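Q: If you want the building blocks of each chain, they are given just below.
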Amino acid sequence: MSMTVSAEPLLRVDALQVTYGPSNHLVHAVSDASLMVEAGEAVGIAGESGCGKSTLARALLGLLPERVGRIAGGHIYIAGQQVTEFRDAQWTALRGHPVAMVFQDPLSFLNPVVRIGTQIAESVRRHDPGVALVPRCHELLELVKLPETALRQYPHELSGGMRQRVMLAIALGCRPRLLVADEPTTALDVTTQAEIMALLGTLRQQLNMALLVVSHDLGLLRWHCDRLYIMYAGRTIEWGATACVIDRPAHPYTRGLIAASRLQRGPDGRFGALRGEVPALEQHAGCPFAPRCGDADAVCHVRMPETTFVTEAHHAKCWRLGSRDAAA
Amino acid sequence: MPIARAKVLKWPALLSIVIIGSLLLLTLIVPQFLPGDPLALTDDILQPPSGRHWFGTDDLGRDVLVEIIYGTRVSFLIGCAAALATAVAGTVIGSLGGFFGGVTDTVVTRFAEFFQVMPTFILAVVIVALAGPGLLRVVAVIALLSWPQTARVVRGEVLRLSRLDFVDALRCVGIVEWRILAFEIIPNAIGSVFALGALIVSNAILLEASLSFLGLSDPSVISWGRLLSAGQRFLFSAWWLSLFPGLAILVTVLAFNLLADGLRDMFDPRHAR
Amino acid sequence: MTRYIVGRMFWGLVMVLGLVMVDFVITHLLPGDPIDALVGNYPAPAAYIERVRHDFGLDQSLPMQLGHFLVNLAQGNFGFSFVNRQPVLPLILDRAGITLILMLPSLILASLIGVALAVAATGQTGRIMDSVLTGVSLIGHSIPVFWLAQILIVVFAIKLQWLPAQGMRSIRTHDPLLDLLRHLVLPAFCITIYYIAVVARVARASMLEILHQDFILTARAKGISRRAVLWRHVLRNAAIPVITVVGYNFGTSLTGAILTETVFAWPGLGGLFINSIANRDYPVLSGIFLLASIAVVMANIITDLLYAVADPRIRMTPARA
Chain G
12 MSMTVSAEPL LRVDALQVTY GPSNHLVHAV SDASLMVEAG EAVGIAGESG CGKSTLARAL
72 LGLLPERVGR IAGGHIYIAG QQVTEFRDAQ WTALRGHPVA MVFQDPLSFL NPVVRIGTQI
132 AESVRRHDPG VALVPRCHEL LELVKLPETA LRQYPHELSG GMRQRVMLAI ALGCRPRLLV
192 ADEPTTALDV TTQAEIMALL GTLRQQLNMA LLVVSHDLGL LRWHCDRLYI MYAGRTIEWG
252 ATACVIDRPA HPYTRGLIAA SRLQRGPDGR FGALRGEVPA LEQHAGCPFA PRCGDADAVC
312 HVRMPETTFV TEAHHAKCWR LGSRDAAA
Chain X
1036 MPIARAKVLK WPALLSIVII GSLLLLTLIV PQFLPGDPLA LTDDILQPPS GRHWFGTDDL
1096 GRDVLVEIIY GTRVSFLIGC AAALATAVAG TVIGSLGGFF GGVTDTVVTR FAEFFQVMPT
1156 FILAVVIVAL AGPGLLRVVA VIALLSWPQT ARVVRGEVLR LSRLDFVDAL RCVGIVEWRI
1216 LAFEIIPNAI GSVFALGALI VSNAILLEAS LSFLGLSDPS VISWGRLLSA GQRFLFSAWW
1276 LSLFPGLAIL VTVLAFNLLA DGLRDMFDPR HAR
Chain E
1369 MTRYIVGRMF WGLVMVLGLV MVDFVITHLL PGDPIDALVG NYPAPAAYIE RVRHDFGLDQ
1429 SLPMQLGHFL VNLAQGNFGF SFVNRQPVLP LILDRAGITL ILMLPSLILA SLIGVALAVA
1489 ATGQTGRIMD SVLTGVSLIG HSIPVFWLAQ ILIVVFAIKL QWLPAQGMRS IRTHDPLLDL
1549 LRHLVLPAFC ITIYYIAVVA RVARASMLEI LHQDFILTAR AKGISRRAVL WRHVLRNAAI
1609 PVITVVGYNF GTSLTGAILT ETVFAWPGLG GLFINSIANR DYPVLSGIFL LASIAVVMAN
1669 IITDLLYAVA DPRIRMTPAR A
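Just so you know, the protein sequences line up as chains G, X and E, in that order.
Quick note on numbering: our numbering labels position 46 of the first sequence as 57, and the sequence is numbered without any gaps.
Quick note on numbering: our numbering labels position 160 of the second sequence as 1195, and the sequence is numbered without any gaps.
Quick note on numbering: our numbering labels position 172 of the third sequence as 1540, and the sequence is numbered without any gaps.
Bear in mind the hints are in silico, worked out from the structure with no lab data behind them.
Worth double-checking, as some hints may not be accurate.
[To be verified] Quick list of in silico lysine to aspartate or glutamate cross-link-like pairs, DMTMM-like style, CA-CA up to 25 Å:
#1 X:Lys1045 - X:Asp1296
#2 X:Lys1045 - E:Asp1498
#3 G:Lys156 - G:Glu206
#4 X:Lys1045 - E:Asp1582
This structure is a prediction, so every number in the text was calculated from the model and none was measured.
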């Protein structure tokens, strides 16, 4: 994985904070998230439910619920342009191209009363104004391996896997340079999951498109992403090349997550489990994982850890890293 | 019990209760203080509103304000009686359909649909016109028109409740079907009827006003609709005959509609979950 | 889809038949003698009355009368109105047309305004418009339409003299269309008020629900404009309950039309209806009841069809209660 940045990264997020709700009842969905995606890369964001990864994904396109969700701090740069302060009209110009998004459960994410063909054509018309609609739609269907007959059908007539391909076709119609996928396979059965992820991989190669996949399924991300970010309680707490993060996890949470993800069995042949629960999304001093951490020190409860350099391609936020062997 | 789940009423509902309460008070108390027969014919024919007659007088010299106060009785009486009759009919029929299902349910649903398809107002007018006026008849006709709505709501609630586990538990203990329906299910379903009840009252008042406006009510009884039909005759000369009785209808119906909204919020099964 | 249509039409037919029975029962079993309408106060000899009875088959048994009734109906013979000295059906249809001139534009206008109000209430100036909408909705549901009619006449026709107070046409006019429109304004307003209230309330609830649906997020993620999202995605879905509520309330609008016509002396079905009651003109009453019933049944069927067209999930799911 090349570390020299020759051009601006496609996506850069610096210390982002996202809040929900009125000022007397604030919920900090994202407290401190930073990430970067280069052109053509495949990056994954992993974490449990409630860690803020979906909120982060939506914030990238300005799709936070209006009047309720706000970016409270930090910056987002898309293709070098700062978009943090964007109003909705400015976001509209940016959505689809260069950044497109696909979502989790295609049945509720597709308009039930409009034909598939029309929904795909809408994308094309918006981002490819001059092009002939029907051939382009056929092209897109071919890319996602759907039959032509799908154009005339309605969402409820298709299977879950086919619907997810439709979502992909809609996103691809925007000619995106970066595709954000928010839990793209969670609503699908295991075989279909594999198919969709394989398809994403193929598309990435064919179209030289960057991929940002948000998922709670570490197993999935492991095989399809070049780099990985681990999120916990609204913060990115570990990140780096996938192989590094999975094989030599630095943060105690990551170790627990990997153990619980059935990627490997423990010494006694059992799968691991993480003690405790995900904390409520409120601000407190100190490392959010401290209450659950087996290695927590006094300082862990008091101050938020800073970024520690584990290797060149691997970082984590944990006070314990200074005194531990990173290869352990 | 549904009452236990009730939440605090918001201000529109409270306002409506104040209005309804005041009207009731007015109609019960004020007539006690009026000397003589306030509905006697006088010579003050068609007087515009003044210090002596706040709302003016009608073509028989009677004070419009007094007539309105008397008319309140009829409206409330008919409204509440009709609401009660509708509630009873609708609850019985709806719960039978919802609880027993199958053929009974199909019959009930089709029956209700049939009544809703009928041009009910026309039917009401025809019945009252041909069978003669009379408060009881009007109440019966209103109940006849309004029961499908109640029945549908009750059927839905009963259907939902019948599927809950406690019903099977009761059956295991050996409680007879109709006892389950009457003593366990219906009391729980009643909450949804309260909100509808207020709505039925407001609809009944409007319907009664419409019928008496068309001259189909008991001529010996003062009702707001009848005042408006007199107003129709003197539209060009005595506008006060139309304005005030109609205003009374509007305020009363509005109050009951607000109350219905408030009750619906209170007893909404979705909020109570 | 065909099965759906056929099913609905079948039930529609059953309903109409039931209504025909009800009609027969009402007009033949309630007190009041149709012969009175013919004879009036004239001291006719008993023999004459007997003969008239026989001529009209009123001395036959009820099942026989029912049989004749049904046969006549099937042939399009709705009877004869003694009062108006015409066959009933053409008379009613004529007047019904005039009522439709009043009703249809009102319904369409009310639906459009109601939806527009709902769109405004969910837009940027949301809060104010929302209160306005709730207020309009409450008033619309509570106001007696005939009273509103009277007030409008007093204000606009009598005091301000901007618009005519009664009727459908003026006797002398240089522009018949403009004249018709001027006469239409006030009565149409009365009918629309209730409908705007109903439509606005349903449309608002529907829009709020749709706006929170996931597919709106997908639409926004495509980068299409807010207006495009509104029209192509939100309204396409939110309009569906509006269609059903407008269609299924057709019977109520008929009521409103009748009452409004009475106040404005609009020469439609309403006026005929009221007169026939006063004159005990049973054939006309019976005919109006039947026509209104058939109209409501047809309105329901049409609404069902429109609903199926608008929401493809309906026509493709085999089972429907």
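Q: Decide, hint by hint, whether the structure agrees.
A: A quick look at each hint next to the structure:
Between X:Lys1045 and X:Asp1296 the CA atoms are separated by roughly 10 Å; this keeps the pair inside 25 Å, and the hint holds. At roughly 17 Å between alpha-carbon atoms, X:Lys1045 and E:Asp1498 fall within 25 Å of each other, so this suggested pair holds. A C-alpha spacing of about 11 Å is found between G:Lys156 and G:Glu206, which places the hinted pair at or below 25 Å, so the restraint holds. Straight-line distance between C-alpha atoms of X:Lys1045 and E:Asp1582 comes to about 32 Å, which puts the hinted pair past the 25 Å bound.
Checked against the numbered hints above, the structure violates only hint 4.
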